[in-house]
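**Student:** Construct all of the structure, not just a fragment, from the sequences and the given hints.
2 protein chains.
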Amino acid sequence: MASYPNSGGPIVTRVPVGDNRERLVCDACGYVEYDNPKIVVGAVVRRGDRVLLCRRAINPRKGFWTLPAGFLELHESTEAGARREAFEEACAEIRIRALLAVYNIPRLSQVQLIYQADLLSEARPGEESLEVGLFTWDQVPWGQLAFPSVRWALHQEREVRGLAAFAPRGNPPEEDGRY
Amino acid sequence: MASYPNSGGPIVTRVPVGDNRERLVCDACGYVEYDNPKIVVGAVVRRGDRVLLCRRAINPRKGFWTLPAGFLELHESTEAGARREAFEEACAEIRIRALLAVYNIPRLSQVQLIYQADLLSEARPGEESLEVGLFTWDQVPWGQLAFPSVRWALHQEREVRGLAAFAPRGNPPEEDGRY
Chain Z
29 MASYPNSGGP
39 IVTRVPVGDN
49 RERLVCDACG
59 YVEYDNPKIV
69 VGAVVRRGDR
79 VLLCRRAINP
89 RKGFWTLPAG
99 FLELHESTEA
109 GARREAFEEA
119 CAEIRIRALL
129 AVYNIPRLSQ
139 VQLIYQADLL
149 SEARPGEESL
159 EVGLFTWDQV
169 PWGQLAFPSV
179 RWALHQEREV
189 RGLAAFAPRG
199 NPPEEDGRY
Chain P
29 MASYPNSGGP
39 IVTRVPVGDN
49 RERLVCDACG
59 YVEYDNPKIV
69 VGAVVRRGDR
79 VLLCRRAINP
89 RKGFWTLPAG
99 FLELHESTEA
109 GARREAFEEA
119 CAEIRIRALL
129 AVYNIPRLSQ
139 VQLIYQADLL
149 SEARPGEESL
159 EVGLFTWDQV
169 PWGQLAFPSV
179 RWALHQEREV
189 RGLAAFAPRG
199 NPPEEDGRY
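Residue numbers (our numbering), protein chains in the order written: chain Z, 29 to 207; chain P, 29 to 207.
Derived by calculation from the structure, the hints in this document are not laboratory data.
Treat the hints with care, as some may be off.
No copy is singled out in the list; a pair is fine if it fits within one copy or between any two copies.
Result set (SDA-like, lysine to any residue): computed pairs, CA atoms no more than 20 angstroms apart in a straight line [to be verified]: (1) LYS66 with LEU102; (2) LYS66 with PRO88; (3) LYS90 with GLU116; (4) LYS90 with ASN48; (5) LYS90 with ASP47; (6) LYS90 with VAL45; (7) LYS66 with LEU52; (8) LYS66 with GLU101; (9) LYS66 with ILE133; (10) LYS66 with ARG112; (11) LYS90 with LEU136; (12) LYS90 with GLY46.
**Tutor:** Right, dumping it as structure tokens:
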């Protein structure tokens with residue numbers, strides 16, 4: 029695991045040579061801490077006309093419904109990460125079809141890659157879920173979704189269903205930045 | 029800037045409560061260091077039948093040709109990051125058309141989002157470039173490209189040219205993981 033140095037040197041904030049932004053720099057070992065946005069990977073997982081949602085057992089938004097999704101880990105591909113999250117949160121095996129959307133949440137320094145996927149197994153709550161369920165469009169607990177991007181993804185997955193090839197969707201224009 | 033704590037507490041490697049992987053944890057303040065993959069944003073920038081390449085003034089691969097691309101910064105959207113990199117490396121204003129490709133480089137814990145874009149201005153070397161140029165397909169310095177993904181992106185941009193909507197490309201199957 030790449031990590032912050034523990035060389036004992038003083039840590040200062042300055043612009044490293046050849047850079048144009050302030051970073052945290054260790055004067056003893058020369059290490060520069062580049063803090064960058066994080067990638068969230070997840071999926072709208074479908075079986076027939078129903079989609080898989082998980083009720084969160086952890087904060088933020090404990091008790092609310094979300095897509096299986098989470099932070100990409102080191103040395104993991106985005107597709108593998110989306111499959112892992114479905115397995116961790118819903119004990120679900122999935123097959124990825126296509127990249128549904130790329131959502132930018134600059135306020136949180138977060139980029140979300142949400143895939144369109146099929147459910148290949150049963151689903152039951154993993155450690156981070158209170159319960160999981162398969163919902164038709166009318167059954168989706170719209171008032172109890174955990175994050176705006178869950179709603180975006182469900183709507184956009186409905187739009188692209190049946191399309192052979194499509195450009196991934198992004199933040200809905202009217203909501204861009206309001207997260 | 030979110031940053032590693034400087035609370036003076038001992039830093040240990042263990043699995044935090046509710047997690048399933050070892051992380052660096054500060055016992056004094058409870059901070060957990062989540063080290064995650066980094067996002068590279070860039071673009072295949074076109075004017076007519078020519079594409080913009082930059083010869084790198086810095087390592088890695090100093091002296092070799094690359095697309096304008098670099099690490100996404102905190103609080104930046106992926107499109108804004110791709111525009112910034114084109115400006116920093118080639119003093120170029122660009123208009124983004126579509127997401128061309130998502131490349132996974134798990135060995136480097138890197139996810140690359142490469143856009144298809146048009147060149148709106150002149151181009152000249154920025155601080156990180158020795159020179160920049162516009163190349164037709166036959167003029168591209170194929171033997172002096174900095175990274176495999178530069179070649180992938182140039183080939184895939186050629187495939188999708190003229191398509192109204194397309195799914196973003198990924199690592200070429202025969203080269204997946206060989207980076």
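**Student:** A separate judgement is required for each hint: does it hold in the structure or not?
**Tutor:** These are the hints, each one checked on the structure:
1. Both within a single protomer and between protomers do LYS66 and LEU102 lie at most 20 angstroms apart by alpha-carbon distance, with minima of 11 angstroms and 9 angstroms respectively.
2. Taking identical chains as interchangeable, the C-alpha atoms of LYS66 and PRO88 lie at most 20 angstroms apart only when both belong to the same chain, with a minimum of 16 angstroms there against 23 angstroms between chains.
3. Taking the closest pair of Cα atoms, LYS90 and GLU116 come within 20 angstroms of each other only inside a single copy of the chain (16 angstroms); across copies the shortest separation is 42 angstroms, beyond that limit.
4. Taking the shortest alpha-carbon separations for LYS90 and ASN48, only the inter-copy value of 19 angstroms comes in at or below 20 angstroms, while the best intra-copy value is 39 angstroms.
5. Taking CA atoms no more than 20 angstroms apart as the test, LYS90 paired with ASP47 passes between copies only; the shortest distance there is 16 angstroms, against 40 angstroms inside one copy.
6. Within a single copy, LYS90 and VAL45 get their C-alpha atoms only as close as 44 angstroms, which misses the 20 angstroms cut-off; across copies the closest is 16 angstroms, which meets it.
7. Proximity of LYS66 to LEU52 under the C-alpha cut-off of 20 angstroms is found in both arrangements, the shortest distances being 18 angstroms within a copy and 17 angstroms between copies.
8. In this assembly of identical chains, the alpha carbons of LYS66 and GLU101 lie at most 20 angstroms apart whether taken from the same copy (10 angstroms) or from different copies (10 angstroms).
9. Proximity of LYS66 to ILE133 under the C-alpha cut-off of 20 angstroms is found in both arrangements, the shortest distances being 10 angstroms within a copy and 15 angstroms between copies.
10. Within a single copy, LYS66 and ARG112 get their C-alpha atoms as close as 17 angstroms, and across copies as close as 19 angstroms, so both meet the 20 angstroms cut-off.
11. Taking the shortest alpha-carbon separations for LYS90 and LEU136, only the intra-copy value of 18 angstroms comes in at or below 20 angstroms, while the best inter-copy value is 33 angstroms.
12. When the C-alpha separation of LYS90 and GLY46 is checked against a cutoff of 20 angstroms, the pair qualifies only between copies, where the shortest distance is 14 angstroms, while the shortest distance within a copy is 44 angstroms.
Comparing the model with each earlier hint shows no violations; every hint is respected.
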